[in-house]
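Produce the entire structure from the sequences given, and follow the hints as far as they go.
Heads up: the sequence lines are chains Y and G, in that order.
With the first letter of the first sequence counted as 1, position 27 gets the number 27 in the numbering used here; the numbers rise by one all the way through.
Just so we're on the same page, the numbering used here is the position in the second sequence counted from 1, plus 1000.
Treat the hints with caution; some may be incorrect.
[Claimed, not checked] Listing some non-contacts, in silico: residues in chain G with all C-beta distances to chain Y over 10 Å:
# : residue
1 : D1129
2 : V1172
3 : L1190
4 : M1237
[As the list claims (entries may be wrong)] Here are the simulated lysine to any residue pairs, SDA-like style, with alpha carbons at most 25 Å apart:
# : chain 1 : residue 1 : chain 2 : residue 2
5 : Y       : K211      : G       : G1261
6 : Y       : K119      : G       : P1092
7 : Y       : K121      : G       : T1293
8 : Y       : K119      : G       : P1102
9 : G       : K1309     : Y       : G98
Read the hints as simulated data drawn from the structure, not as lab findings.
Where is the CB? At the ideal position from N, CA and C, for every residue including glycine.
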Amino acid sequence: MRFARRYALVPLATIALATAVLAPPAPAQEKTLKLGGLATLEGVFAKNGEDSMRGIEMALKEYKNSAGGYRIELVKASSDAKPDTAIRAARKLIEQDGVQILVGPLSGSEGLAMKDFAKSKPEITFINGSSAAQDTTLRDPAPNFFRFSSDGAQWSYGLGEHVYKTKGWKKVASLAEDYSFPYTQFYGFALEYCALGGKITHRSWVPLGTKDYASVIAALPQDVDAVYVVLGGADAIAFLNQYQQAGGRAKFIAGSITVDPAILTSRGRAKEALLGTPAGSPIADNWGDPNWQKFVKLYQDTFPADQRFPTPSLFAANYYIATKAALDGLNAVKGDLTNNQAELRKWLSSATIDAPTGKIRLDENRQAIAPNFITEVAERRDGSLYNEVVKVIPSVNQTLNMDRAKFMAIGPVGRDNPKCD
Amino acid sequence: MTIAVERHEAARPAQPARALPVDLPSLAILALLILMPAFASRFVLTEVFGLTYAFGIIALSLQFLAGYGGMVNLAQITVAGVAGYMVAVIGPNTMGFGLGWPWWVAILISLLIAVAVSAAIGLLAIRTDGIYTIMITLAICAAFSYFTFQNYDIFNGYNGINGVSPPRVLGVDWTEPTAFYYLLLGFAALSYFIALYVSRSTFGLALQGIRDSARRMEAIGFNVPAHRVAAYVFTGMIAAVGGILLLWHNGRISPGTIGVGAAIDILIMAVIGGLRHPIGPFIGALIFVCLSTFAMDIVEVVIPRERFKLVVGLGFLLMVLFSPDGVMGIVDRIRRSVRRNGSA
Chain Y
1 MRFARRYALV
11 PLATIALATA
21 VLAPPAPAQE
31 KTLKLGGLAT
41 LEGVFAKNGE
51 DSMRGIEMAL
61 KEYKNSAGGY
71 RIELVKASSD
81 AKPDTAIRAA
91 RKLIEQDGVQ
101 ILVGPLSGSE
111 GLAMKDFAKS
121 KPEITFINGS
131 SAAQDTTLRD
141 PAPNFFRFSS
151 DGAQWSYGLG
161 EHVYKTKGWK
171 KVASLAEDYS
181 FPYTQFYGFA
191 LEYCALGGKI
201 THRSWVPLGT
211 KDYASVIAAL
221 PQDVDAVYVV
231 LGGADAIAFL
241 NQYQQAGGRA
251 KFIAGSITVD
261 PAILTSRGRA
271 KEALLGTPAG
281 SPIADNWGDP
291 NWQKFVKLYQ
301 DTFPADQRFP
311 TPSLFAANYY
321 IATKAALDGL
331 NAVKGDLTNN
341 QAELRKWLSS
351 ATIDAPTGKI
361 RLDENRQAIA
371 PNFITEVAER
381 RDGSLYNEVV
391 KVIPSVNQTL
401 NMDRAKFMAI
411 GPVGRDNPKC
421 D
Chain G
1001 MTIAVERHEA
1011 ARPAQPARAL
1021 PVDLPSLAIL
1031 ALLILMPAFA
1041 SRFVLTEVFG
1051 LTYAFGIIAL
1061 SLQFLAGYGG
1071 MVNLAQITVA
1081 GVAGYMVAVI
1091 GPNTMGFGLG
1101 WPWWVAILIS
1111 LLIAVAVSAA
1121 IGLLAIRTDG
1131 IYTIMITLAI
1141 CAAFSYFTFQ
1151 NYDIFNGYNG
1161 INGVSPPRVL
1171 GVDWTEPTAF
1181 YYLLLGFAAL
1191 SYFIALYVSR
1201 STFGLALQGI
1211 RDSARRMEAI
1221 GFNVPAHRVA
1231 AYVFTGMIAA
1241 VGGILLLWHN
1251 GRISPGTIGV
1261 GAAIDILIMA
1271 VIGGLRHPIG
1281 PFIGALIFVC
1291 LSTFAMDIVE
1301 VVIPRERFKL
1311 VVGLGFLLMV
1321 LFSPDGVMGI
1331 VDRIRRSVRR
1341 NGSA
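Laid out in C-alpha cells, this is it:
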C-alpha cells in the first residue's frame, strides 16, 4: 500500500513537467521584434486563412524580414472564425510568444471581439487582417486598433448601382450567413440598391458553418431577377453544389468572398453557376495597374503553383497591406516603440500606404479610406475562373462617401437594416 | 460508455465514507499548485492552469453524473453557458449591453436560473437511458447554442458579449493574474472536495447503487428519480460555477463557447482524465488545454503548421487506444503492477 501511494506522485510529476515545458522562453535577443499573424487555419474559412498567411509572408519577404533596425520574427496563430477562439489565440501570441504587433483577425465577429480585447492591451498595436464588420471601427473604436482594409459595406460600394442600372435587375432575394460581416455587406449593397428603387423581397440568414441548404434553396422565391449570396469558404461551396443539384437556374449577385479564388478554384462544376456573377470587392484579379500586377507576380514567384491560388485573394492582399503598413511604420519611426508605441501609432494614423490596390489612408477612427472594385466572374482560356474588373472606384470611406451624421442615423448593421421592401 | 463505467465500478465496490484524503502526494500537488504564481509566467498561470481549472470544474460536473450516476449529460456546458450568459447579460460589461445590475445580484440570479435549467434537463433526461441520454442532452446543447447564435435581444447573437471581468471584492483586483489564478484554484479545489465528499456521502453511495442497479435500489425503498434529479441539480451547481469562471477567464462569451464542439471537448476532458475519480476531469482538462494551445508549436517540424489539429486528434486517439478508462486508468494499472511485483 505504501508503494501504491508513492505512485500517486505521477500526476505531480506530470504537472511539474508541464510547467517546465511551458515556462516562457528566455527573453528574445535584442533587436528582434515579434510580429503575430492571426488567421483562420481551421473551419469554414481555412483556405482563406492560408492565403492570409501567404500575404504576411510576402510582405516579410519583400522587406527581407527586417524593419526599423529590427529583425522581424513572425509567430503564427490560428482561429476558426469564432470570436472566442480568436481572442484565445491573440492572448497566446501576446502573453506567451511576446508579440508586440499583431496582424489579424480574418473574420467579422472576431474583429469586433478583437477591438474590445485591444482596449485591455494598450501596449500592443493591433492591425486588422481582413475582418470587415462595420462596428469594429465605426462605433466605439479602440485607440490601438488600425484597419488598413475597408469594411464589408465599403466592399459593396458601387455594386447596387451596377446591378440596378447596368444589369437591370430590379428585384432580388438574399441569402447570407447570420453574423456581423454579411450584415455589413448586405447593408452596403442594400443602401445603394434600394435608394435607386431596387426591391429585396426575401432574406435568408443561415448560421456560419451551415452545410445543408436544402430547405433554404426550397424557400428561395422564383419571381426575382437574381439572388444576392453572401456566403464564404466551405459554406459557399456547399451551397453552390446543392443549388446546382437542385436544378436551380437563378442569376447570382455575390458577396466579396463568395467569388474568392478559394471557391473559384474548388473542385467540381458547382462554381460554374457563378460565371458572369457581379460582385464588389477591394481587389480585382486582372486589374491592369502596374502595382497590382507587380503584387500578383510577387505572389506567384513566392509560392509554387500547387501551394497557392492562381492570383492572390483579397485575404492575401489585406494581410499583405496590413503587414506592409506595420513594416513601413517601423522604418519610418526608426524602430522607436517607446511610450506604448506612440510614434508608430502616430505614423500609422496619418500615413498614406502605397498598396497594390491603390492609395490607402485612415480616417479619424483609424479605418481605411480605400479604392473599391466592381467585378464579374469570367473564364480564362484554360477554363479556370477569375474576377474580371468592370469598374474602379478610386476612393470609398467608411460612411460610403455620405455625410457622417446622416450615415450614423441609419443605425447599426443587422438583419433588418435597411428595411427596403 | 455507461456500460463500461458500470463494469468497471462493479469490480471495485464503492468505498465507505471516510475523512478527506490528506495523503502526502495530494498535499504535495496542492502545495505546488498554490506556489505556482511564484515561478510560472502569466500565460501559464491564466491561459494554461486558469483555463484548466475552469474547464476542469465543468468536466467535473460531467464526471460526477457519468461516473457516479451512470448518466452521460452533454448539456453540462449548456448549464455553464446559461450561468455565464446570465452574468454577462444581467451584470456589468464594457459594451453597455444588457441590464448592468450589480455583480452579486447577477451571480445570484444566474446561479438560480442555471440550477433550474439543470433540474429541467434532469427531469427530461432521467426518463431515458444510456445513449438516449447522450442524444437528448446533445440536442438540448445544440438547441441552446443555436438559440444564442440567432437571438440578438438577449444574447447578442454570434458576436456574443465582450468585456466582462470579475468584480472588485474585498479590495482585491481579481482581474490581476495571480489573484485570478487563486480565485480559479480556490473554486476548483472547493468543487473537487465537495464532489469527493458527496460521492462518499449517503447520497453519493445511493447514487452509485442506482447506477449499478436501479431496480434493486427501488426495491429496497429508494426514490430513484428523485436521486437522479438531485444529482442533476448538484452537478448543475458545479457546472454553473465553472461557467461563470470560464466567462471571467475569457472576458467574454459567445455561442462558440457553449456549442456542440465545446460539449464534446468537455466530454473528451472527462474521458481522457478518467470518469472514476473527481481528479480525472482536471487531469483531462490540463492535457486538453496543453494540446490545444501548444500543438501548433510542436508540429512545425513534422507536418505543415496548418495541420496542427491532426496532432490534437492523434493525441486523443492514442490516449483512448491505450487507456480506455483515461489517465486514471493508466495510473491504476501502474499501481496494480507495482503491488503485484512488491508482494512477489
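To see whether the hints hold, each was checked on the structure:
No beta-carbon of chain Y is positioned within 10 Å of the beta-carbon of D1129 (chain G); the least distance is around 30 Å. With a minimum CB-CB distance of about 18 Å to chain Y, V1172 (chain G) clears the 10 Å threshold, and the non-interface call stands. Every CB of chain Y lies more than 10 Å from the CB of L1190 (chain G), the least distance being 19 Å, so the non-interface label holds. For M1237 (chain G), the requirement that its beta carbon stay farther than 10 Å from each beta carbon of chain Y is met, with the minimum near 24 Å.
Pair hint K211 (chain Y) plus G1261 (chain G) holds up; C-alpha atoms about 16 Å apart against a cutoff of 25 Å. A threshold of 25 Å between alpha carbons decides the hint, and for K119 (chain Y) with P1092 (chain G) the separation of about 17 Å falls inside it, so the pair holds. Our distance criterion of 25 Å between C-alpha atoms is met by K121 (chain Y) and T1293 (chain G), whose separation comes to about 20 Å. Proximity of K119 (chain Y) to P1102 (chain G) is assessed by CA-CA distance (about 23 Å); at most 25 Å being required, the pair is judged to hold.
With a C-alpha separation of about 23 Å, the suggested pairing of K1309 (chain G) with G98 (chain Y) holds against the 25 Å cut-off.
Hint compliance for this structure: no hint is broken.
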